[in-house]
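Peer 1: Below, each chain spelled out in residue letters.
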Amino acid sequence: DAGVTQSPTHLIKTRGQQVTLRCSPISGHKSVSWYQQVLGQGPQFIFQYYEKEERGRGNFPDRFSARQFPNYSSELNVNALLLGDSALYLCASSLAKWDIGQYFGPGTRLTVT
Amino acid sequence: AQTVTQSQPEMSVQEAETVTLSCTYDTSESNYYLFWYKQPPSRQMILVIRQEAYKQQNATENRFSVNFQKAAKSFSLKISDSQLGDTAMYFCAFMKQGGDDKIIFGKGTRLHILP
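These protein sequence lines are chains A and B, in that order.
Under our numbering, the final residue of the first sequence carries the number 991; numbering is consecutive throughout.
Under our numbering, the final residue of the second sequence carries the number 149; numbering is consecutive throughout.
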């Protein structure tokens, strides 16, 4: 089975622009979570979606939004990009509580100039 | 609020030696999960080991084992017979049982295995 996939791999944007990152969970997984990992730090939780509904939100401004589609894939949107949004964005999927945290995608490296 | 603290920003050991990475956490929850992750330069976050708080027995995965001290809120990772491929960032992480599935990560320990 394919693992969690994310696109694009790398992205360069300019301050003030908007960006959309995509995540495809492992087949059958209904939960998707997003994390932001700034260089040299541990990942920070942004959102969790389960069955297309937001189930959790981290301490991020409203410029960050996400959604989950009927096929359980997910998009993370960031508006009005700031230099501080430069980070690795990780997506994780899970089937049930017992496998939470086991499956992470390779990440999207976002650079804001 | 839960916090995870890794007090060793960086460590180096010789190949084949045993190394222990420290982690402490703070929570008022009774039921939770603890994790150790490995993140090599490829950036892929790889789950190394997971411990359920209700289990007294320490988790083990091949050369990796943990020392879980619930009362002390300590969760250290021991890597035995270290290999060059173990070189990576290691993150300790916490997730409470129930509610959203938010995983809280520490700041990481950079581990270098020297030939």
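Just so you know, these hints were derived from the structure itself, not from any lab.
A couple of the hints might just be wrong.
[What the hints assert, rightly or not] Here are the simulated SDA-like pairs of lysine to any residue, each with C-alpha atoms no more than 20 Å apart in a straight line:
1) B/K89 to A/G918
2) B/K130 to A/D977
3) B/K141 to A/S964
4) B/K130 to B/P75
5) B/K89 to A/A974
6) B/K112 to B/G133
7) B/K141 to A/F938
8) A/K930 to B/G133
9) A/K908 to A/R945
10) B/K141 to B/D60
11) B/K141 to A/G918
12) A/K908 to A/P984
13) B/K104 to B/S76
[To be verified] Computed, partial: chain A to chain B, Cβ under 8 Å:
14) P939
15) F942
16) F947
17) N957
18) Q980
As the structure is a computational prediction, the values presented were derived from the model and not from experiment.
Cβ atoms here follow ideal geometry from the backbone N, Cα and C, with glycine treated the same way.
Peer 1: If a hint holds in the structure, say so; if it doesn't, say that too.
Peer 2: A quick look at each hint next to the structure:
{"no.": "1", "hint": "B/K89 to A/G918", "in the structure": "violated (32 Å)"}
{"no.": "2", "hint": "B/K130 to A/D977", "in the structure": "holds (14 Å)"}
{"no.": "3", "hint": "B/K141 to A/S964", "in the structure": "holds (17 Å)"}
{"no.": "4", "hint": "B/K130 to B/P75", "in the structure": "violated (29 Å)"}
{"no.": "5", "hint": "B/K89 to A/A974", "in the structure": "holds (19 Å)"}
{"no.": "6", "hint": "B/K112 to B/G133", "in the structure": "violated (30 Å)"}
{"no.": "7", "hint": "B/K141 to A/F938", "in the structure": "holds (18 Å)"}
{"no.": "8", "hint": "A/K930 to B/G133", "in the structure": "holds (16 Å)"}
{"no.": "9", "hint": "A/K908 to A/R945", "in the structure": "holds (13 Å)"}
{"no.": "10", "hint": "B/K141 to B/D60", "in the structure": "holds (14 Å)"}
{"no.": "11", "hint": "B/K141 to A/G918", "in the structure": "holds (8 Å)"}
{"no.": "12", "hint": "A/K908 to A/P984", "in the structure": "holds (19 Å)"}
{"no.": "13", "hint": "B/K104 to B/S76", "in the structure": "violated (33 Å)"}
{"no.": "14", "hint": "P939", "in the structure": "violated (17 Å)"}
{"no.": "15", "hint": "F942", "in the structure": "violated (15 Å)"}
{"no.": "16", "hint": "F947", "in the structure": "violated (19 Å)"}
{"no.": "17", "hint": "N957", "in the structure": "violated (23 Å)"}
{"no.": "18", "hint": "Q980", "in the structure": "holds (5 Å)"}
Hints 1, 4, 6, 13, 14, 15, 16, 17 from the list above are not met by this structure, while the remaining hints are.
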